[in-house]
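Construct the entire structure; sequences and hints are all you get.
Residue strings, one per chain:
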Amino acid sequence: MSIKYDEWIPEYIAGQLNDEQLAEFEKALGKNKSLQNELNATETALEAYAVATGKELNDVGLQNRIWEKLNANNSATATTSMLSDGFNDEYPSVAQEFTIGNFMRSYIGIAASVLLLMSLIGNIYLANDAKYQKSNFLSTLEEKSLLQERLNQVSSTSDLFAQEVALLKSPNMKVCKLISSERGHNNSLLLAIDMAKDMQVMVMSPDLPSKPTGHSYQLWAISATGEIVCMGTFDSEKKIYTMKKLPFNPKEFGVTMEEGEFGMPQPTSEYLVRGI
Amino acid sequence: MPKILPESELVALLKNKDQKGFDYLYENYSTALFGIINRIIPHEDDAKDVLQDVFVKIWNNIESYSPQKGRFFTWMLNLARNMSIDKLRSANYKYHNKNLAIDDHMVNVFDKNQAYTENVDRIGLRKVVSTLRAEYRELIELAYFSGFTQVEIAEKLEMPLGTVKTRLRSAIKELRIKFD
Numbered sequence: 001m002s003i004k005y006d007e008w009i010p011e012y013i014a015g016q017l018n019d020e021q022l023a024e025f026e027k028a029l030g031k032n033k034s035l036q037n038e039l040n041a042t043e044t045a046l047e048a049y050a051v052a053t054g055k056e057l058n059d060v061g062l063q064n065r066i067w068e069k070l071n072a073n074n075s076a077t078a079t080t081s082m083l084s085d086g087f088n089d090e091y092p093s094v095a096q097e098f099t100i101g102n103f104m105r106s107y108i109g110i111a112a113s114v115l116l117l118m119s120l121i122g123n124i125y126l127a128n129d130a131k132y133q134k135s136n137f138l139s140t141l142e143e144k145s146l147l148q149e150r151l152n153q154v155s156s157t158s159d160l161f162a163q164e165v166a167l168l169k170s171p172n173m174k175v176c177k178l179i180s181s182e183r184g185h186n187n188s189l190l191l192a193i194d195m196a197k198d199m200q201v202m203v204m205s206p207d208l209p210s211k212p213t214g215h216s217y218q219l220w221a222i223s224a225t226g227e228i229v230c231m232g233t234f235d236s237e238k239k240i241y242t243m244k245k246l247p248f249n250p251k252e253f254g255v256t257m258e259e260g261e262f263g264m265p266q267p268t269s270e271y272l273v274r275g276i
Numbered sequence: 001m002p003k004i005l006p007e008s009e010l011v012a013l014l015k016n017k018d019q020k021g022f023d024y025l026y027e028n029y030s031t032a033l034f035g036i037i038n039r040i041i042p043h044e045d046d047a048k049d050v051l052q053d054v055f056v057k058i059w060n061n062i063e064s065y066s067p068q069k070g071r072f073f074t075w076m077l078n079l080a081r082n083m084s085i086d087k088l089r090s091a092n093y094k095y096h097n098k099n100l101a102i103d104d105h106m107v108n109v110f111d112k113n114q115a116y117t118e119n120v121d122r123i124g125l126r127k128v129v130s131t132l133r134a135e136y137r138e139l140i141e142l143a144y145f146s147g148f149t150q151v152e153i154a155e156k157l158e159m160p161l162g163t164v165k166t167r168l169r170s171a172i173k174e175l176r177i178k179f180d
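Top line first, the protein sequences correspond to chains X and H.
So for the first sequence, our numbering puts the first residue at 1; every next one is plus one.
So for the second sequence, our numbering puts the first residue at 1; every next one is plus one.
Heads up, a few of these hints could be off.
[Said to hold, decoys possible] To give an idea of the interface, some chain H residues facing chain X are shown, with a C-beta separation under 7 Å as derived from the structure:
1. T31
2. G35
3. P42
4. F55
5. G70
6. R71
7. R126
8. I172
[Claimed, not checked] Below 25 Å or equal to it, Euclidean Cα-Cα: the simulated DSS-like pairs (lysine-lysine) are:
9. X:K31 - H:K173
10. H:K87 - H:K57
11. X:K4 - H:K69
The set of hints was computed from the structure by calculation and includes no laboratory data.
Given the structure is predicted, the values throughout are model-derived calculations rather than measurements.
Note that CB positions come from ideal geometry on N, CA and C, so glycine has one too.
This is how it looks when you write it as structure tokens:
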């Protein structure tokens, strides 16, 4: 067995091979009995591990509830299938059989055609009823979709909050608060630095004075030797901004308001907030 | 471990939408699947909801399982893990659990494993698992049950990617020896 494929087994089981690798691995798997055995032995061991570390379900009725759900699911599929069959297949085939030629051929033909006509009327009635039910069904789906959309909109605010909390609670994050350097000003923002991602900096919850059109806030990192490096610009409309990665361990951070969307090479105004 | 009904027969029953297939599936695999889901979704009622969805998905998508590509349990494990992660990331779930971060869930993995309700059938297997080195167990949990990629594991455990790959292979090798 190729060593390469042997090494791919863990990622294959975890579903983490890319499309190209997956196709190559599955091709090899189809031909190579030894690879199949290796994979099977690994999967069996993991299955045993999963069973050993499984968790008891203390819910006597759950099995029945799931079975009912599966049955309900099957019934819903059957109903949808019936509705579409009624419109697309059965109705046109009946209409094609009802022709003037059949009617004129003989009395038997007439009788047959009358029966056919009655059947057709019945079908039209049933089809209309089904059409009504189908349109109601679709309308319910549309309403559900609209409700879901509205719920998602409401959730988005709490999503941002949850995202912020998650970032702040991560053990890899170092967080500092920048506050106004002037008395009487309550401006502030949080900086989160992801130590696991080469000191990626994020600006969170900026509470800064309003800025004129055509200006932006600019974040600066100040080194112990006085070097000042731009970490990026932002406005104050969003809750979280991803900035640049820190090039050094800074002595301090500061935020200024600068002209233009992309800021200035060096600060040209007083720091609105600063800190470390 | 479920061994009485061969996988091929179970899959055939499920393809025929036979209740016997569902009953066997539930009775023999629900504990393992619930364990996988509950690692990621710590709230039991939410985890049960996901378990129901997993069974529905298995039932409806059984035709897409191919025995040539691996064991049936691995297919179910991936479904359960991915659906749990989807649930964890879904807007509605976050809305109701806004103070929970993914990292919190992952920290719980190891604590919760210590507190499983004992089941006579699984005591032997659990003893085997308990003899597995802690670092190997952590790698297996992260790679197969918590949905971490090897790159993410390397970042989380602060070790080179090559080391993660080597240790994960060693972990699997040891696991196989122990269950052999």
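Structure-inconsistent hints, enumerated in ascending order: 3
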